[in-house]
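J.: Residue numbers (this note's numbering), protein chains in the order written: chain A, 64 to 349; chain B, 466 to 943; chain C, 9 to 326.
Derived by calculation from the structure, the hints in this document are not laboratory data.
You may find that some hints are simply not true.
[To be verified] Below, a list of computed lysine-lysine pairs in the DSS-like style, where the Cα atoms sit at most 27 Å apart: (1) B/K718 - B/K485; (2) A/K110 - A/K72; (3) A/K75 - A/K110; (4) B/K832 - C/K231; (5) B/K776 - B/K890; (6) A/K121 - C/K231; (7) B/K603 - A/K341; (8) B/K792 - C/K61; (9) B/K531 - B/K792; (10) B/K792 - C/K57; (11) B/K603 - B/K551; (12) C/K271 - C/K58; (13) B/K495 - B/K551; (14) B/K531 - B/K718; (15) A/K75 - A/K121; (16) A/K110 - A/K301; (17) B/K495 - B/K485; (18) B/K890 - A/K341; (19) B/K495 - B/K531; (20) B/K792 - C/K271; (21) A/K110 - A/K121; (22) B/K603 - B/K495; (23) B/K792 - C/K231; (24) A/K163 - B/K551; (25) B/K531 - B/K551; (26) C/K57 - B/K832; (27) B/K603 - B/K718.
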Amino acid sequence: MSDRISVAKTYKLYIGGAFPRSESGRSYPVSDSRGGFLANAAQGSRKDARDAVAAARKAFAGWSGATAYNRGQVLYRVAELLEGRREQFVAEVSASEGTKRGEAIVDAAIDRWVWYAGWTDKIASVFGSANPVAGPYFSFSVPEPTGVVAVLAPQSSSLLGLVSVVAPVIATGNTCVVVASQERPLPAITLSEVLATSDVPGGVVNVLTGRTAEIAPWLAAHADVNALDLTGAPDAVKADLERAAAGTVKRLVRSGRGEPDWVREPDVSRMRAVLETKTVWHPMGV
Amino acid sequence: MSSNWEYAPAPESRDIANLKPAYRMFVDGKFVEGSGEPLKTVNPATEEVLAEVSTASPADVDTAVKAARRAHERVWGKMPGAERAKYVFRIARLIQERARELAVLESLDNGKPIKESRDVDVPTAAAHFFYHAGWADKLGYAGFGPDPRPLGVAGQVIPWNFPLLMAAWKIAPALACGNTVVLKPAETTPLTALVLAEICQQAELPPGVVNILPGAGDVGSELVNHPGVDKVAFTGSTEVGKLIQRSLAGTGKKLTLELGGKAANIVFDDAPLDQAVEGIVNGIFFNQGHVCCAGSRLLAQESIAEELLEKLRHRVSTLRVGDSLDKNTDVGAINSRAQLERIQELAAAGDAEGAQRWTSPVPVPEKGFFFAPTVFSDVQQSMRIAREEIFGPVLSVLTFRTPDEAVAKANNTPYGLSAGIWTEKGSRILWAAQRMRAGVVWANTFNRFDPTAPFGGYQESGFGREGGRAGLEAYLDV
Amino acid sequence: MLDPASGSSGMSDVTRDDASLRRFLHGLPGVDQVGVEQRAAGLATRSIKKASKLWAIDTAISMVDLTTLEGADTPGKVRTLAAKARRPDPEYADVPHVGAVCVYPDMVATAVAGVGDSGVGVASVATAFPSGRSNRAVKLADTEMAVQAGATEIDMVIDRGAFLSGRYGQVYEEIVAIKQACGDAHLKVILETGELSTYDNVRRASWLALLAGGDFIKTSTGKVSPAATLPVTHVMLQAVRDWHDRTGELRGVKPAGGIRTTKDAIRYLVAVHEVAGEQWLTPTLFRFGASSLLNDLLMQRRTQLEGHYSGPDYVTVD
Chain A
64 MSDRISVAKT YKLYIGGAFP RSESGRSYPV SDSRGGFLAN AAQGSRKDAR
114 DAVAAARKAF AGWSGATAYN RGQVLYRVAE LLEGRREQFV AEVSASEGTK
164 RGEAIVDAAI DRWVWYAGWT DKIASVFGSA NPVAGPYFSF SVPEPTGVVA
214 VLAPQSSSLL GLVSVVAPVI ATGNTCVVVA SQERPLPAIT LSEVLATSDV
264 PGGVVNVLTG RTAEIAPWLA AHADVNALDL TGAPDAVKAD LERAAAGTVK
314 RLVRSGRGEP DWVREPDVSR MRAVLETKTV WHPMGV
Chain B
466 MSSNWEYAPA PESRDIANLK PAYRMFVDGK FVEGSGEPLK TVNPATEEVL
516 AEVSTASPAD VDTAVKAARR AHERVWGKMP GAERAKYVFR IARLIQERAR
566 ELAVLESLDN GKPIKESRDV DVPTAAAHFF YHAGWADKLG YAGFGPDPRP
616 LGVAGQVIPW NFPLLMAAWK IAPALACGNT VVLKPAETTP LTALVLAEIC
666 QQAELPPGVV NILPGAGDVG SELVNHPGVD KVAFTGSTEV GKLIQRSLAG
716 TGKKLTLELG GKAANIVFDD APLDQAVEGI VNGIFFNQGH VCCAGSRLLA
766 QESIAEELLE KLRHRVSTLR VGDSLDKNTD VGAINSRAQL ERIQELAAAG
816 DAEGAQRWTS PVPVPEKGFF FAPTVFSDVQ QSMRIAREEI FGPVLSVLTF
866 RTPDEAVAKA NNTPYGLSAG IWTEKGSRIL WAAQRMRAGV VWANTFNRFD
916 PTAPFGGYQE SGFGREGGRA GLEAYLDV
Chain C
9 MLDPASGSSG MSDVTRDDAS LRRFLHGLPG VDQVGVEQRA AGLATRSIKK
59 ASKLWAIDTA ISMVDLTTLE GADTPGKVRT LAAKARRPDP EYADVPHVGA
109 VCVYPDMVAT AVAGVGDSGV GVASVATAFP SGRSNRAVKL ADTEMAVQAG
159 ATEIDMVIDR GAFLSGRYGQ VYEEIVAIKQ ACGDAHLKVI LETGELSTYD
209 NVRRASWLAL LAGGDFIKTS TGKVSPAATL PVTHVMLQAV RDWHDRTGEL
259 RGVKPAGGIR TTKDAIRYLV AVHEVAGEQW LTPTLFRFGA SSLLNDLLMQ
309 RRTQLEGHYS GPDYVTVD
């Protein structure tokens, strides 16, 4: 029996539904948990970030304009495809994180994705309201997606953490630019492959790999980014990034110090953070 | 050049329905023979027998309820919501996969046009399962407290007008909330519920979580009165609903009822008439008028009544009545001979009481149970056709002078399921909607259903809601 | 020509002045976007019987205004088009000829020579097509040039800028003037529905064009997207039917642009049948503004006759 040489995978960026290399031509080596070489990942630049934001903006009208039911079905389909690639993800997560809990992590990530898929058509009932105003007016408030969200994915939890920050953003109808974990980016690109072969339109999720500290400031200051999730930012630069975001009054998704415990059941705060509330009034009279 | 225009009988293929000569009941995860007297289910468009279906005896009802109880105590009631969700998602996806088969079977068994079962019944049924699946692990956000619990075993009885969809409306929320189910489909339309049972098997739903018992009124009565049932849900006539409510009195069982209606469809003088006509037609002729929330009373503002009626008659004449599998059919068969006779009786009462009858000149098939779309004008509030639910393709037209009068006439009924408002003026829509004593108000549209939008009636149209956050209450111990 | 508004019952006071015209047009019932789109989609599911499908295809062919409106048009191109218009399928002589060819004014003479006495009409665009942005004198000269060269039909564009800024009287007068310049040629009025943007505007523009004497109302120039759609055509078919109910006059409808397949064309014919009425199923009252549609119709015709799917090599590239 011969030892077959496998076909090694090339890892590129995921922007606008396609897989381009970085416009800078740069790449950087990614190692497994024991320091062994896994792959070269694209090293994203500020221009890649710029292109990703443009792609996310372009996709926003269509994605936010789809019915909640449609978004729910699209996200559920992603879960079906994740389930189909379970073994591949387990291998990648185990190698990246050096964990023996790869199967439990992947199962949790898939189930978390299903949890968010089931939220799309319930957000309006839970967060919206009819307002009993003191006058002859019908007034209602509806939650709406804020727009393009820049997400710094967790540095440590390369799949479960990633899903936990991305799913709430797109379930609510937003589009996003995600900066993957710097040292553990590969599951993010494999997730992109799942998205590319699902019904998620190109541009709804865009994934950049590379140096977080290099890319993040450009996203934090970008005037066409509406909200910012600083989960994966190194603690030392968080305050700077928040200051940069203040220049365009960005909404911030709250993140404490260090990395949260992703295994815990999520709550709805991540969805609330990327929703606006619109209140409408109309007179009632014959 | 003369027109040679004929629409094809564009028949959907019957084979897709996978029709079997015999169907059995579904209890504890298996298809088994019932020991009740088997029934024969008939295609109302052709009067041919479709299949023989075994029915449940009282002993079978007992077995099913016990199976549901076991499943609840040992498996389903203890299962985390996230896992329950995944079963219900599977059912939704399987319905989508087998959509065409279900649509054709539904049209054969019920008589409704394939266009409707394909475009409305089956997709909406799938959507109900999909929507409720997502609630299973989010009940703490539904506004009923941090950890609402299920009731236990639900006994559910559904009507023949939307057989698969009604089964979905009942089973999906019950399962999402952690209950187990024993459901009796209508006597004349048992087949799609039994294919749904097959789908539950394909989804690997644990045995006993869903049980389907075909049979007639006696089986329904046995089921709702069984002491092992914690919650009863009934959709059907007001008459039977009252009987059920009476027999459950003092038992402590939770009950929801979705009963009849005599909805008013109000057209104000500023409504765009051609659009109002579409809405009126949809309101009373969709599903042959076999709809509890049908717009069966047209209240037309007097100043535009004549013009409206003329346009209405012209439009109704273009509706095609025919075989349910013909893709060009708009109005299908009446579900049974009994229902047809009831419609004929009430229409005769309309004549006798002095209303003006107009019947569409559309050709009607000779075999099968069919009734041509009919419009009665000069109808007064005191006539039977203005007060009693006809449940057929018969519209009663009354007039009004002012908005206040329209509201008063619309509300002047013991029913209160739905209402329609047609006007260009936004403020009037909201003003009128606020005053309607009806559970569902449609403005400038009609017969819109969605799993996220609660549905149910006021007064003798029943109590409780199905769909939306509000609809979960029926299946939670809150 | 008669003052177009005076012949119809009680319409002359509507067009008396800008204010009256505005009151009338704004008094027309609005169109519910959701309702009309659903109705159009519902009609699109109607199915046509096998024998009638062939009839429908032939009818559609006879309704085609075979069009070339390119900057790069040459006499050679127009001659080829005219030949195709007379004899669409070289192997089947029983295929009806198309309704008309449609060209720019400076190509009319070539087109007239090309169609000869076949009965195919020669339609010319005019009035600073496609934008309509020029003055009255230029638009009249444009029209007269085409009429003198032998055009039997004129497809004019309305001034959308004037319409959208509420100058309905100006739009009205322009149509009346062009109609006069047409002489015996019949006038199609292009509304450019893609720029009008709402169904309410489509309804108002339709009535405006009918009041001004247009023989046909036409959806689009084909140079702007969206061009013809089923719901827009639905609204326009309702307008001509209501016009007929009110005045007894028969006017036509022409959807143009974006109709590429036989399936689409049949959907339009169903809409004509169900919304306007059977009377309108004739090239005198309904046309398709199209170029690639003809080849698809010919391929589907062959499929019906030969019993197998056809291919692009069996129809001519022109």
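J.: Are the hints correct? Go through all of them and say.
T.: Hints, one by one, checked against the model:
{"no.": "1", "hint": "B/K718 - B/K485", "in the structure": "violated (37 Å)"}
{"no.": "2", "hint": "A/K110 - A/K72", "in the structure": "holds (24 Å)"}
{"no.": "3", "hint": "A/K75 - A/K110", "in the structure": "holds (15 Å)"}
{"no.": "4", "hint": "B/K832 - C/K231", "in the structure": "violated (54 Å)"}
{"no.": "5", "hint": "B/K776 - B/K890", "in the structure": "holds (22 Å)"}
{"no.": "6", "hint": "A/K121 - C/K231", "in the structure": "holds (24 Å)"}
{"no.": "7", "hint": "B/K603 - A/K341", "in the structure": "holds (24 Å)"}
{"no.": "8", "hint": "B/K792 - C/K61", "in the structure": "holds (16 Å)"}
{"no.": "9", "hint": "B/K531 - B/K792", "in the structure": "violated (44 Å)"}
{"no.": "10", "hint": "B/K792 - C/K57", "in the structure": "holds (12 Å)"}
{"no.": "11", "hint": "B/K603 - B/K551", "in the structure": "holds (13 Å)"}
{"no.": "12", "hint": "C/K271 - C/K58", "in the structure": "holds (14 Å)"}
{"no.": "13", "hint": "B/K495 - B/K551", "in the structure": "holds (21 Å)"}
{"no.": "14", "hint": "B/K531 - B/K718", "in the structure": "holds (17 Å)"}
{"no.": "15", "hint": "A/K75 - A/K121", "in the structure": "holds (21 Å)"}
{"no.": "16", "hint": "A/K110 - A/K301", "in the structure": "holds (22 Å)"}
{"no.": "17", "hint": "B/K495 - B/K485", "in the structure": "holds (17 Å)"}
{"no.": "18", "hint": "B/K890 - A/K341", "in the structure": "holds (23 Å)"}
{"no.": "19", "hint": "B/K495 - B/K531", "in the structure": "holds (14 Å)"}
{"no.": "20", "hint": "B/K792 - C/K271", "in the structure": "holds (16 Å)"}
{"no.": "21", "hint": "A/K110 - A/K121", "in the structure": "holds (17 Å)"}
{"no.": "22", "hint": "B/K603 - B/K495", "in the structure": "violated (31 Å)"}
{"no.": "23", "hint": "B/K792 - C/K231", "in the structure": "violated (36 Å)"}
{"no.": "24", "hint": "A/K163 - B/K551", "in the structure": "holds (26 Å)"}
{"no.": "25", "hint": "B/K531 - B/K551", "in the structure": "holds (25 Å)"}
{"no.": "26", "hint": "C/K57 - B/K832", "in the structure": "holds (23 Å)"}
{"no.": "27", "hint": "B/K603 - B/K718", "in the structure": "holds (25 Å)"}
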